[in-house]
Amino acid sequence: MNDAPPIFSVRNLSKSFGPVQVFSDINLDVTQGEVIGVIGPSGCGKSTLIRCLNMMEIPNGGQIFFRGRPTTANFRGRNGSIGAGELRRKVGMVFQQFNLFPHKTVIENVIEGPVVVLKEPRQEAMERATELLRSVGLADKRNAFPNHLSGGQKQRVAIARALAMRPEVMLFDEVTSALDPELVGEVLNVMRKLAEGGMTMVIVTHEMAFAADVADRVIFLDEGTIAAEGSADAVIHKPTQERLKRFLARFHA
Amino acid sequence: MYSWDFYTVFQSWDLFLYGLWLTFVYSVGSIVLGVIFGLIVCFARLSKVTLFSAAARVYLELFRCMPLLVLVLWFYYALPMLTGMSIENTTAALLALSLYVSAFYAEIFRGGIKAVDSGQHEAGAAIAMSHVQIMWRIILPQAAKKMLPAFINQSVIQVKNTSLASVISVAELSYMGAVVNGDTYRPLESYTLVAVLYFLLLFPLTQVADRVEKKLRLSD
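Heads up: the protein sequence lines correspond to chains A and H, in order.
For the first sequence, position 191 matches number 191 in our numbering, and the numbering has no gaps at all.
For the second sequence, position 143 matches number 143 in our numbering, and the numbering has no gaps at all.
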């Protein structure tokens, strides 16, 4: 198992929007079953970084390998590289703003990918979606429209929708930041269960306690570089760098 | 005191009925063709390929900034001189009506598509849908709902605009009104009847549109 290439190998990755350099020279490996928490001040590029992992953003420099294969922003890969289309079948993503399809019911949201992209038979997809909705505690909402759900419920549907694709890794982009405080817990519980189930996860978050609890490894992104990296305990509970200490002080973590 | 005499004009009921039928045919025909052309122009306008978007812009401005009456006359009298091919008045009318409305439809479609949150495209992309799948399954159904009132409005105008085909002797409803008036010298009755028939054609349509709109709001 140790010889298998990591799920993600990020090499010298850089990204800029016009003249603004978001980050540069990022190196990172994500191995099977690992849960990585990405923390850092607003605007440090954490979201942009994980959005590069499934080609939602196109990097300007460097390379991302998925299980050893180079990735490309084109929908179809060629010459052994893996295209955005194939990459996104294997990499699930959950957004801060949920982005559920408002014209489809909860269960239709969940089966959309399996039926349309993976060409699974509708009946099979429905059964699996029902199972997934049960696992996130929303079996009774299967026929509701997203606009009739609370933020926490919407986000749990969004997680089920991503899981329906049977991803090999899940990306979470500040998924609790748009939620009322009392709804954060139900979403984090679903994520904790996923992590315990062995899912490989990259989590961009401002929930320091959650990151400390769930992540195997925490990355502190600051001013466009990985400023600190290590076990959750080392980074969040025993920080050594000044900048990291100052950042964490704001969370009383 | 004017003495009303609808009896005389009613005797030409077959002409009115035929005119009504043609109005219906030109309305449906030009709306269907207008939607098809409109979608093509809309996607060209949204295209990242400069050639497409520039061509779409020229098309839009050309047809939006010219009176339909002038277009109808131009397609019938001027186009044959340019191409050397004769053109039926029916073809010229349908062409002018369709191209004219397609420019307005294209802008309505574009507005509807732009009004859909960009996160919707991302969510589709995140589950590995292709651009085409995202457009047809995610963006357009939501855009359709947003653009429906403007679309209905433009289509109602379009039904009434078919009356302009009468200037090149297409025998739709308003043309028949003029014919019956010429036969009977009863302009008040002839044109009142024409007006009432237009209303009877359109009023049910607007009512159906209201119902459809309410139904679409179910997911809100």
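Since the hints were made in silico from the structure, they are not lab data.
Note that the coordinates shown come from a computational prediction; the quantities given were computed from them, not determined experimentally.
Hints may be right or wrong, so weigh each one.
[Said to hold, decoys possible] Calculated from the model, a selection of chain A residues having no Cβ within reach of chain H, i.e. all distances over 10 Å:
(1) Asp25
(2) Pro41
(3) Asn54
(4) Ser81
(5) Ala84
(6) Glu86
(7) Arg89
(8) Gly92
(9) Phe95
(10) Thr130
(11) Ala162
(12) Met165
(13) Glu168
(14) Glu196
(15) Ala232
(16) Pro239
[As the list claims (entries may be wrong)] Computed Cβ-Cβ distance ranges for the label pairs, DEER-style:
(17) H:Ser53 / A:Gly80: 51 to 61 Å
(18) A:Gln32 / H:Arg211: 50 to 60 Å
(19) H:Leu200 / A:Glu182: 56 to 66 Å
[As the list claims (entries may be wrong)] Quick list of in silico lysine-lysine cross-link-like pairs, BS3-like style, CA-CA up to 25 Å:
(20) H:Lys214 / A:Lys104
(21) H:Lys215 / A:Lys104
(22) A:Lys104 / H:Lys48
(23) H:Lys48 / H:Lys146
(24) A:Lys104 / H:Lys146
(25) H:Lys114 / H:Lys145
(26) A:Lys141 / H:Lys114
Note that the Cβ used here is the ideal one computed from N, Cα and C, for glycine as well.
Against the structure, the hints come out as follows:
Every beta carbon of chain H lies more than 10 Å from that of aspartate 25 (chain A), the smallest distance being close to 26 Å; the non-interface claim holds. The Cβ of proline 41 (chain A) sits about 23 Å from the closest Cβ of chain H, beyond the 10 Å cut-off, so the non-interface label holds. Here asparagine 54 (chain A) does not stay apart from chain H, with its beta-carbon only about 7 Å from theirs, under the 10 Å limit. Separation of serine 81 (chain A) from chain H is adequate, the least Cβ-Cβ distance of about 16 Å exceeding the 10 Å criterion.
Under the 10 Å C-beta cut-off, the non-interface status given to alanine 84 (chain A) relative to chain H is violated; the minimum distance is some 8 Å. Listed as outside the interface, glutamate 86 (chain A) is inconsistent with that label: its C-beta sits roughly 8 Å from the nearest C-beta of chain H, within the 10 Å cut-off. Not every C-beta of chain H lies more than 10 Å from that of arginine 89 (chain A), the closest at about 4 Å, which undercuts listing it as non-interface. For glycine 92 (chain A), the condition that its CB be more than 10 Å from all CB atoms of chain H is violated, with the nearest at approximately 7 Å.
Its closest Cβ contact with chain H, about 6 Å, brings phenylalanine 95 (chain A) to no more than 10 Å, contrary to its assignment away from the interface. The non-interface label for threonine 130 (chain A) is consistent with chain H: the shortest C-beta to C-beta separation is roughly 18 Å, beyond 10 Å. Remark: the non-interface label on alanine 162 (chain A) conflicts with the geometry, its nearest Cβ contact in chain H lying 7 Å away (cut-off 10 Å). Not every CB of chain H lies more than 10 Å from the CB of methionine 165 (chain A), the least distance being 6 Å, so the non-interface label is violated.
Interface exclusion of glutamate 168 (chain A) from chain H stands, the closest Cβ pair being 13 Å apart, more than 10 Å. No Cβ of chain H approaches the Cβ of glutamate 196 (chain A) within 10 Å, the least distance being about 24 Å, so the stated non-interface status holds. For alanine 232 (chain A), the non-interface assignment is confirmed: its Cβ lies about 27 Å from the closest Cβ of chain H, beyond the 10 Å cut-off. A cut-off of 10 Å between C-beta atoms confirms that proline 239 (chain A) is not in contact with chain H; the least separation is 33 Å.
Remark: the range hint 51 to 61 Å for serine 53 (chain H) to glycine 80 (chain A) is contradicted by a beta-carbon distance near 35 Å. Between glutamine 32 (chain A) and arginine 211 (chain H), the C-beta spacing of about 55 Å keeps the proposed range 50 to 60 Å intact. Take leucine 200 (chain H) and glutamate 182 (chain A): their Cβ atoms lie about 57 Å apart, and the range 56 to 66 Å holds. With a CA separation close to 16 Å, the supplied pair lysine 214 (chain H) and lysine 104 (chain A) stays within the 25 Å bound.
At roughly 14 Å between alpha-carbon atoms, lysine 215 (chain H) and lysine 104 (chain A) fall within 25 Å of each other, so this suggested pair holds. Of the pairs offered as hints, the one joining lysine 104 (chain A) and lysine 48 (chain H) is violated, with about 29 Å between alpha carbons and a cut-off of 25 Å exceeded. Between lysine 48 (chain H) and lysine 146 (chain H) the alpha-carbon distance is near 24 Å, which keeps this suggested pair within the 25 Å criterion. The suggested pairing of lysine 104 (chain A) with lysine 146 (chain H) holds, with an alpha-carbon distance near 15 Å, which does not exceed 25 Å.
About 13 Å separates the Cα atoms of lysine 114 (chain H) and lysine 145 (chain H), which keeps this hinted pair within 25 Å; it holds. Using a Cα cut-off of 25 Å, the hinted pair lysine 141 (chain A) and lysine 114 (chain H) is violated, with the two alpha carbons roughly 30 Å apart.
Against the hints set out earlier in the document, violations occur for numbers 3, 5, 6, 7, 8, 9, 11, 12, 17, 22, 26.
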